[in-house]
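Novice: Listed below are the residues making up each chain.
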Amino acid sequence: MSNSSTSKKSVLWDWLTTVDHKKIGIMYFFGGLFFFTIAGLEAMLMRIQLMFPEMSFLHEQTYNEVLTMHGTTMLFLAAMPLFFAFMNFVVPLQIGARDVAFPFINSLGFWLFLFGGLLLNLSWFTGGAPDAGWTAYAPLSTTSAGHGLDYYIMGLQVSGAGTLMSGINFLVTIVNMRAPGMSMMRMPLFTWTTFVTSMLILFAFPALTVGLLLLMMDRIFGGAFFDVAMGGNVVIYQHLFWIFGHPEVYILILPAFGIFSEVISTFAKKRLFGYSAMVFATMIIGFLGFMVWAHHMFTVGMGPIANAIFAVATMAIAVPTGIKIFNWLLTLWGGRIRFTVANLFALAFIPSFVMGGVTGVQLAMSAADYQFHDTYFVVAHFHYVIIGGSVFGIFSATFYWWPKMFGYRLSESLGRWFFWLFLIGFHLTFFVQHFLGLIGMPRRVASYLDGQGLNEMNFISSMGAFMMAFAFILLVINVFVSRKNTDDVQDPWDGRTLEWATTSPVQEYNFAQTPLVRELDAFWHEKQFGDGRMKAAEPLDDIHMPNGSILPIIITTGLTVASFGVIYSTWSIIILGLLINFGAMFVRSIKEDHGYHIPVSEIKREQGEGK
Amino acid sequence: MENLSALDPRGPVAEMQFDLIMLSTYVMIFVMVVVFSIYIYVLLRFRERPGDTHIPEQVHGNRALEFIWTTIPILLLLILAIPNVMDTFTLADTSAPTEGEGVEEEEEDVLNVEVHAHQFWWEFIYPDHDINAGQEMYIPTDTRVNVELHASDVIHSFWVPALAGKMDNVPGIENEMWFEAPDEGVYFGKCTEICGASHWLMDFKVIAVDEGTFSVWAENMAEPDPEIVEGEGEVAAQGREVFEGNCINCHAVGDEGGAQGPNMTNYGEREVVAGFLDYTEENLYDWIRDPDALKPDNEMPGFDESAISDDEMDALIEYIGQQRVLD
Amino acid sequence: MADQHAAANQPLPANPEKATLEGRNKYLGFWFFLGGETVLFGSLFGAYLGLRGSTEGAPGPDELFHLDLVFIMTMILLTSSLTSVFAVINLKRGHFKKLLVWMWATVALGAAFLSFEIYEFYEYYHQGLGFTVSAFASSFYTLVGTHGAHVAFGVAWITTLLIRYRKSGITLSNAPKFYTAVLYWHFIDVVWVFIFTVVYLLGVGG
Numbered sequence: 003m004s005n006s007s008t009s010k011k012s013v014l015w016d017w018l019t020t021v022d023h024k025k026i027g028i029m030y031f032f033g034g035l036f037f038f039t040i041a042g043l044e045a046m047l048m049r050i051q052l053m054f055p056e057m058s059f060l061h062e063q064t065y066n067e068v069l070t071m072h073g074t075t076m077l078f079l080a081a082m083p084l085f086f087a088f089m090n091f092v093v094p095l096q097i098g099a100r101d102v103a104f105p106f107i108n109s110l111g112f113w114l115f116l117f118g119g120l121l122l123n124l125s126w127f128t129g130g131a132p133d134a135g136w137t138a139y140a141p142l143s144t145t146s147a148g149h150g151l152d153y154y155i156m157g158l159q160v161s162g163a164g165t166l167m168s169g170i171n172f173l174v175t176i177v178n179m180r181a182p183g184m185s186m187m188r189m190p191l192f193t194w195t196t197f198v199t200s201m202l203i204l205f206a207f208p209a210l211t212v213g214l215l216l217l218m219m220d221r222i223f224g225g226a227f228f229d230v231a232m233g234g235n236v237v238i239y240q241h242l243f244w245i246f247g248h249p250e251v252y253i254l255i256l257p258a259f260g261i262f263s264e265v266i267s268t269f270a271k272k273r274l275f276g277y278s279a280m281v282f283a284t285m286i287i288g289f290l291g292f293m294v295w296a297h298h299m300f301t302v303g304m305g306p307i308a309n310a311i312f313a314v315a316t317m318a319i320a321v322p323t324g325i326k327i328f329n330w331l332l333t334l335w336g337g338r339i340r341f342t343v344a345n346l347f348a349l350a351f352i353p354s355f356v357m358g359g360v361t362g363v364q365l366a367m368s369a370a371d372y373q374f375h376d377t378y379f380v381v382a383h384f385h386y387v388i389i390g391g392s393v394f395g396i397f398s399a400t401f402y403w404w405p406k407m408f409g410y411r412l413s414e415s416l417g418r419w420f421f422w423l424f425l426i427g428f429h430l431t432f433f434v435q436h437f438l439g440l441i442g443m444p445r446r447v448a449s450y451l452d453g454q455g456l457n458e459m460n461f462i463s464s465m466g467a468f469m470m471a472f473a474f475i476l477l478v479i480n481v482f483v484s485r486k487n488t489d490d491v492q493d494p495w496d497g498r499t500l501e502w503a504t505t506s507p508v509q510e511y512n513f514a515q516t517p518l519v520r521e522l523d524a525f526w527h528e529k530q531f532g533d534g535r536m537k538a539a540e541p542l543d544d545i546h547m548p549n550g551s552i553l554p555i556i557i558t559t560g561l562t563v564a565s566f567g568v569i570y571s572t573w574s575i576i577i578l579g580l581l582i583n584f585g586a587m588f589v590r591s592i593k594e595d596h597g598y599h600i601p602v603s604e605i606k607r608e609q610g611e612g613k
Numbered sequence: 002m003e004n005l006s007a008l009d010p011r012g013p014v015a016e017m018q019f020d021l022i023m024l025s026t027y028v029m030i031f032v033m034v035v036v037f038s039i040y041i042y043v044l045l046r047f048r049e050r051p052g053d054t055h056i057p058e059q060v061h062g063n064r065a066l067e068f069i070w071t072t073i074p075i076l077l078l079l080i081l082a083i084p085n086v087m088d089t090f091t092l093a094d095t096s097a098p099t100e101g102e103g104v105e106e107e108e109e110d111v112l113n114v115e116v117h118a119h120q121f122w123w124e125f126i127y128p129d130h131d132i133n134a135g136q137e138m139y140i141p142t143d144t145r146v147n148v149e150l151h152a153s154d155v156i157h158s159f160w161v162p163a164l165a166g167k168m169d170n171v172p173g174i175e176n177e178m179w180f181e182a183p184d185e186g187v188y189f190g191k192c193t194e195i196c197g198a199s200h201w202l203m204d205f206k207v208i209a210v211d212e213g214t215f216s217v218w219a220e221n222m223a224e225p226d227p228e229i230v231e232g233e234g235e236v237a238a239q240g241r242e243v244f245e246g247n248c249i250n251c252h253a254v255g256d257e258g259g260a261q262g263p264n265m266t267n268y269g270e271r272e273v274v275a276g277f278l279d280y281t282e283e284n285l286y287d288w289i290r291d292p293d294a295l296k297p298d299n300e301m302p303g304f305d306e307s308a309i310s311d312d313e314m315d316a317l318i319e320y321i322g323q324q325r326v327l328d
Numbered sequence: 646m647a648d649q650h651a652a653a654n655q656p657l658p659a660n661p662e663k664a665t666l667e668g669r670n671k672y673l674g675f676w677f678f679l680g681g682e683t684v685l686f687g688s689l690f691g692a693y694l695g696l697r698g699s700t701e702g703a704p705g706p707d708e709l710f711h712l713d714l715v716f717i718m719t720m721i722l723l724t725s726s727l728t729s730v731f732a733v734i735n736l737k738r739g740h741f742k743k744l745l746v747w748m749w750a751t752v753a754l755g756a757a758f759l760s761f762e763i764y765e766f767y768e769y770y771h772q773g774l775g776f777t778v779s780a781f782a783s784s785f786y787t788l789v790g791t792h793g794a795h796v797a798f799g800v801a802w803i804t805t806l807l808i809r810y811r812k813s814g815i816t817l818s819n820a821p822k823f824y825t826a827v828l829y830w831h832f833i834d835v836v837w838v839f840i841f842t843v844v845y846l847l848g849v850g851g
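Protein chains in written order, with the working numbering: chain A, 3 to 613; chain B, 2 to 328; chain C, 646 to 851.
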C-alpha cells in the first residue's frame, strides 16, 4: 500500500478523493453555501413579485417553480448540508477522535448530496423546475406536466441517500469512536444533538424514500397509487411525506440547539445550566417529533379524534423546548457575557425562536388551525423557527468555528453590521406575514389582488427581504477581507470543548495523541484545574490513516446517470448508470485498502511547527 | 378588506376560531413577557464590563427551577388544549343543530351544499334544490350550511375566512364542514391549497341573503324564465345562437348545457368575470378571446375572431348579461 | 496480504467479527442501517394496507394468491436463514470451509426463492394483474418487488464475498463482512415473514 497520499497529487485530486472528515466538512460548507445563495435569490425573486399587487414580474408557472425550488433547496441542499459541515468538522474533534467511523461512506454521502442537488437544479435548464411545492402533494405532483417533478424525485432520492449514509456515519462515530473518558454524559451538547439528529435522519428519511418511490412509480411507470380513478388514495402520500417531514423540521433545529448551547456556554464563561435536562429534552423532542406528523394535515379530513390527539401531542413539544429556553437563560444568568458575533446570533435566537415557538403552539390547536393552515401565518411561523433557529445557528457556528476550520477569524465589526441588518431585515420580512395570513392571504400564491388590504404589509415584507440579502453580501465580503486575521486562532474564544485543544488549522490526524477526558467541558477543565493542555491517553506513536478514494465520485456519477435514465424513461441509460454504480461498488468491495501510517517523526515535526 | 379576514369574524364558526386564536394569543403574550423580561435582565445585568476577568461560578443546575419551568408550561398548555379539543369536535359535527332545543325543527333549516373544486373554479351543487351554481354560493342568513367538499382534479381547499376556517377538497374523499352567516353580505373565499398556475386566482364568493331572496334565487336557478334563457330581444337571441354554437358543451344555462365549466344561469349578477376581474364588457370580451392569458392553465379554450366575430361577441355578451335570476 | 499474515500469526478471537474497531463499526452501523430499512418497509406496508382493497375490477388477492406456492417460498427463505446461521457458527469456530459451504447453500436457496418469485409475478401478470391496472396491483408489486430486489442484492453481495474470499481463510477483516451479510439476510427473511402474513394470509383469509 502506498504511503504517498499527500505527495505529488494535485490539490484538486486531493479534494476529489479525500476521506478526511474536515475536508468533507469544508466541502459541505461551500456546497451548502452555494445552494443557500441560489435559494436566497429565489426568495428575492418571490419577494420582488409580491412587492406590489398583481405584478407580472414572474409568470405564475415560473413563480410556482421558484417557490418549490426555494423551499426544497433551502431545506435539503442548504440548511442540512451546512449543519453537516459543522457536524463533520467538529464532532470528531469534540469527542477526541482521529477520524469518523466510515470515512469512505462519509465521502460518498457528500458527493451524493452534491450531485443530487445539482441534478435537481439542472431542471431549470431542461424545460422547467418542479412546481408542486416542496411537499409535492399528489395528485398535483403526479399530474404536473414536463419533467420538473421527475428531477425533484430523483434529485432528492440521490441526495437523500447521501444524507442517510452521513446519519449512520455520525451515529457509529459517536457511539464507537469517543476518546477515553468521554462518556456519553460528558459529550458536548453539539455532539449530543448531532447524535439525536442522526437518529431522526435514520428513521425519517426512509419514509421520504418511499414517498418519492411511489411518486416515481405513478409518474414514470404508470402506477396507480395516487390515481383516484384506479382506486388510489392521495392522502397516503401526505402521511408518508410528513412522517418524514416533521422529523425533518427537528433535523433542522436540533443541531442549532447544540450550537447555541456551545456558544452561549462559551461566551457566558459558564458550564451549560442543566446539562442532563438539556440532553433529555433533546431526546424527548426527537421522540415526539415522530408522533405529531399529522398536525400538518388537520384540514385533510382525518376526523376530530385524530385531530384532537395530534393537537395535544404537538402541544406537548412546547414543554421540552421551554426547558431548553430556560436552561439557556440560566446559563447566561450569573455569567460574564461577551457579545461576539457568534454570541449575538445565539442571543438573538432566543426571542426570535420563542416567537416562532408560540405560533407553533397556536398552529397546533386544530380548531384554530383551520384558519391558520396554508396561509401566510404558517409561512411566518416556519420562517421564524427556521431562520430564527436554524439559520441563526448556522451563522453563529460560522463565526464561532471559522478560525478552527479556516485558520483565520472573521471580522467582528463587519460581522456586527451583518448581524444587525440581517436581524432587522428578518423581523421586518416575516413579522407582518402573521397578519397577512390572518386577513386572508393564502400561501403559495403567485400574486394577490389589489384592494384586499394586502398591499402595505407585502411591501414591508419585501423591503425586509432586501435587507437580509444585503446583509448576506456583507458576510461574503467578510470571508474575503478577514483573511489576514490569522493570529489567535487556536483557542480564540477561551473554548471549553476538545476542538479548541488542537491546532488551527487542524492536522490531518486531529490529535497527535488521543486526549484523556476527565470532565464535561474537557478542555476548560484542564485550563482551570490542569496545566491547560489535554492529558494524553496514549504514547506518541505512528498514526494509521485511511487512503483517499475516487470511487465515491464514480459511484455517485453512476447513480446520477441512472437517475437521468429514470427521468427520461430510457432503459439503456438506467442500465449504464447502474453498471457504473455497481461496478465501482464491486471494485470497492474486492480491493483491500489498509490505509497508511504517519510516522512519529513527521508528527513531532508538525507539532513543533504548530507551537 | 371587508369580509376577508379571520380577525373580523362574521359567523359563529369563525367566532369560535377567533376566540381560540385570541385566547392562545393572550397566553402566548404572557409567556413572551416572562421570557423576554428574564432575557433583558440577564443581558443587562451579566454583560462583560471592561476589565472584568472573573470566572463565573460553574453552576450545574437547579432541580426546583427545572421543576417549575416544566410544570407551568404544562398548565398553560392545558388552558389551550381543553377548549381546542372541545371546539375540534364541535366543528366536525355536521349532524348537530346549531343550537336550541327542537332537533328535527332545526334540521329542516339546514342547507346542504356540495362544493366541487376544479382547476380553477368552484361549482356549488344544491342537492335538495336541484341547483348547480358556479363561483358564487348563495345562502340564506341564519341558516346552518352543511358543506360537502369534493375535488375533480387535484387537491384544493375551501376557505371563507370571515365565516369559517378551511377544509380540503381532496379527490376521492368527501370532507364535511359547516358554517352559518347571521348577516347579509358578500363573503370572500379562496383556494388555499396550491393547485397549479392559477391557484392565486381561484377565488369565489359566499353571498348571504335573506330567506325570501334566497327562495326566489333558488326557484329561478332551478327553473329560470325560458324567455331569458332564449334571449330577450333580437341581439340577445343572436347571442343565444352564439352561445349554443360555442359555449353550451361546457356551460349550462338553466338545465341545458354541459358541466365542464361553471353554470351561467345567473351570470349577469356576477360581480366579477373569471372569479377575479371586474364585471365589464371589456373584461368579458378579453376573457372569452384568450382565457389562458388571464388565468394560465385553465381549461377553457380561447375563441378568436374566426370562431366568434366581434359582432357575435357583442351579442353573446348581451345575452350573458341578461342571465339574471333575482330581478 | 497483511490480513493473511495476521491470520497466520495469531489465533482468531472468539468473535472475530467484533474484534477490531472497524468490525465493531461495521456491526453497529449495519444495525442502524437495518433500523432505517425497517421504516422503509413499514412505509411500504402502510401504503399496501391502505390500498389492498382497491382492486377496481382487476384481479384481487383472493383470486390470485396460491398459498401452496407462497408456502414453499417461505420455507425456502426460512431454510436459507438457517443455513446462514450455520455459516456464522462456523465463522466463530474458525471453520472456513464449512462457512463457505453454508454460505453457498444460502445463496442457492436465495436464488431459488427469486426464481419462484419471478414465476409468481409472471403468472399474475398473465392473469391480468399488470402493474398499472389498479392501486392494489401497484402497491403489491412495489412492496413484494422491493423485497425481491433486496433478496437479489443479498445474493449478489454474498456471492461477491464468496468469490473474493474463496481462499483467504477467516480474517479479522473479512469476518465482519460475512457477519453483516448474514445480518442482512436475516432481516430480509423477517420482512418476508411479514409479507407472508400481511399480504398473502390476510389477502386470502381476511
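Certain hints may be false.
[Claimed, not checked] Rough simulated footprint, nothing fancy, chain B against chain A, three-plus residues with beta-carbon under 8 Å:
1) 196-206
2) 269-275
3) 332-345
4) 350-362
5) 438-450
6) 562-574
Derived by calculation from the structure, the hints in this document are not laboratory data. From a predicted model like this one, the values you see are computed outputs, not experimental measurements. No residue lacks a Cβ here, since even glycine has one placed at the ideal position from N, Cα and C.
Novice: State for each hint whether it applies.
Specialist: Status of the hints after comparison with the structure:
Coverage of the segment 196-206 of chain A by chain B is violated in this model, with 0 residues showing a Cβ closer than 8 Å to a Cβ of that chain against a need of three. Judged by the Cβ-Cβ criterion of 8 Å, the segment 269-275 of chain A is covered by chain B as claimed, because 5 of its residues qualify and three suffice. Figure legend: the segment 332-345 of chain A, annotated as covered by chain B; annotation consistent (9 residues with Cβ-Cβ distances under 8 Å, at least 3 required). A count of 6 residues in the segment 350-362 of chain A with a Cβ less than 8 Å from any Cβ of chain B is obtained; the coverage claim is therefore met, three being the minimum.
Counting residues of the segment 438-450 of chain A whose beta-carbon sits less than 8 Å from any beta-carbon of chain B gives 10, enough to reach three: the coverage restraint holds. Residues of the segment 562-574 of chain A with a Cβ under 8 Å from some Cβ of chain B number 0, which does not satisfy the need for three, so the listed coverage is violated.
Going through the hint list in order, the structure does not satisfy hints 1, 6.
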